[in-house]
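From just these sequences and the hints, can you work out the full model?
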Amino acid sequence: MATTWKIERARGHRPGYPAGWVLVRRTDNLEDSRGGIFATRREARAELAWREKARAAEEALRAAAEQEAPCSLCGTRTGIAACGAAWYLCPQCEGTAAAAAAGYTHD
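Each residue of the sequence shown is one higher than the one before, starting from 23 at the first, in the working numbering.
In case anyone wonders, no lab produced these hints; they're calculated from the structure.
Every residue, glycine too, gets a C-beta built ideally from N, C-alpha and C.
Hints are supplied without guarantee of correctness; some may be wrong.
Label-pair distances were calculated between CB atoms; the ranges are [unchecked claim]: (1) A124 with E65: 52 to 62 Å; (2) T118 with R64: 22 to 32 Å; (3) A122 with G97: 40 to 50 Å; (4) A82 with E116: 23 to 33 Å; (5) R99 with A122: 18 to 28 Å; (6) R63 with Q89: 34 to 44 Å; (7) A68 with E90: 52 to 62 Å; (8) A120 with E74: 23 to 33 Å; (9) R73 with A120: 19 to 29 Å.
This is how it looks when you write it as structure tokens:
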């Protein structure tokens, strides 16, 4: 039987592995690589590294979205980082009559 490697959820953090994942040695080859079974330890480690990079990118995007200022009129995200300004307008609300009536105008 061939030795294969499988990525599984870890119960705790193990040194040398990204948090939440662990490699498990298997001696059967019932699943193909699309099912999470890898022929070599190198392939499995590469997949673990890719998952860790993807997780870090998701966290960075989430943190950036939390820092965006909402539009003062409609409440949607403006794409502008909050910097302490009195008001923010999204591109759809900027220059509208409602913005002018509410006093949101550029000087």
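### Message
Tell me the hint numbers this structure goes against, listed in increasing order.
### Response
2, 3, 7, 8, 9
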